[in-house]
Amino acid sequence: MAHAAMIEIDSVSKTFETKQGKGHLALTDISLSVKDGEFVSILGPSGCGKSTLLYIVGGFVAPTTGSTTVNGHLVTGPGPDRGPVFQEFALFPWKTVLGNVRYGLDQAGVPAAEAEKRARELIAMVHLSGYESFYPKELSGGMKQRVALARTLAYRPNILLMDEPFGALDAHTRTRLQNDLLDIWERDRKTVLFVTHGVDEAVFLSDRVAVMTRSPGRIKETISIDLPRPRDRATLLLDRRYQDYVVGIERLMEDPQEEAP
Amino acid sequence: MGRVATLPGVPPLIACLALLVAWEFAARVLGISGLPPASDALAQLPAILSDPESLLNIAASLKRMAIGFALALVAAVPIGLMMGRSRTVAAFFNPLLMSIYPVPKAALMPIIMLWLGIGDASKTLVIFLGVSLPVIYHSYQGSRAVEEKILWSAAAMGMRAPARLFRIVLPAALPEILVGCRTGLVLALITMVTSEMIARQAGVGNILFNALDMAQYDTVYAMIVVIGVLGYVLDVAFERLRLHLVGWAAPTHDIVVGTT
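Line order of the protein sequences matches chains C and R.
If you're matching positions, the first sequence starts at 1 in the working numbering and goes up one per residue.
If you're matching positions, the second sequence starts at 1001 in the working numbering and goes up one per residue.
No lab work stands behind these hints: they were computed from the structure.
Virtual Cβ for every residue (Gly too), placed ideally from N, Cα, C.
One or more of the hints may lead you astray.
Unchecked claim - Covered stretches of chain R, going by a simulated chain C footprint (3 or more residues, C-beta under 8 angstroms):
# : region
1 : 1006 to 1014
2 : 1141 to 1151
3 : 1168 to 1174
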């Protein structure tokens, strides 16, 4: 099972109704296969529908045509096998850090003592020990996203669906969270679908990068990132192959034809 | 002086005293028989508050108010929350609510009395109507503003839509719902007094308007003070409860932003 397709996106397209009653084609004919344990980034400019694609895999949005299967099952709605992490954090503001992280465990009927133990382990894993009783409003953006990641990892989804998770953070915080995410990922190698508009972020994190173009959104090219793991940022930045990937993908995204509104 | 005036509790005390002094002077200068000086009105307070019958009347009023208020919350909050999450439900209730909202609920009292008599049922129903609308409106606004991704996060944990309404939308909208409840509390007090003014039988309003009929103006003003103090005490108690319930949403100024 190690290399079976975990996510199979088959000819998915999505049309949104605009307020004028016209259809806006957001995604067209997207097919993508993600292997079990693979880290795949969906890279594209804003408005290319990359987040919509992630929501379709999550079961939050239904595709207009095409289908998605996860672990062999057709996606018809959200489920705990696919854990989302959103750019907006989407924490439960009335719950403390501990309350947020254990929420999915309580929902799944995990005994209280066990849920608390696991939640505390995850809080430690995202380096937030000591903040268990803080409310989301008392935390910085980076800390909120750590809580959101711990909350999702807590209920052990097979797949992490990350929607520009570090997009709202400052550069320094973003770098730290990228490093921490890779550390965490190295432990259990979950399947990750990671939406971003940052080329260096996508290359640094991913096994494969799917480059999307705008209007209508489609996958232009999928590039395998053949860089050794575990990856260290300082080493990688000096690595010629890393630089080539970044420059190559940036060229791919700079296609002048895509600049037209 | 400057330092004393900024102590907590001092500014409202100064405001109250200033009002009483102005009232006292106005009454003495104008000499209208319907406006007794503050000192005369306040002198009636010990008599009213030591009379078991008036205390029973006040208690009966508060009991009706509490029942009307509680029933309104039970009905209004779920309706408001569902309106906020479903356009169909909103389209169904909205015209109805918008046409009922401006009608003074106490004006319905005579009609309701025809159905339910002059007893507790009519008065409680009027209080219920007065409280329901602001609570529905604010629950609706609060529910509508709930971030979709919070709901998605819960859905991904396996929570179904009906459970999400009470376990996610309700707590997320609670700060806004409580704004409606605070308005509702004031309206409960107003409708309580006016319902008793129209259906004279018992209660705070009954004491007040009977005294007015008998030209006992000292008592009238003393009762107005009692109602005012009741309103103030209820509001302070409600604010305490509100802070306890939604302290997690209160704005703070010591947020550390931009650090991990």
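Worksheet item: Hints broken by the structure, by number, lowest first?
Response: Hint 1 contradicted; others consistent.
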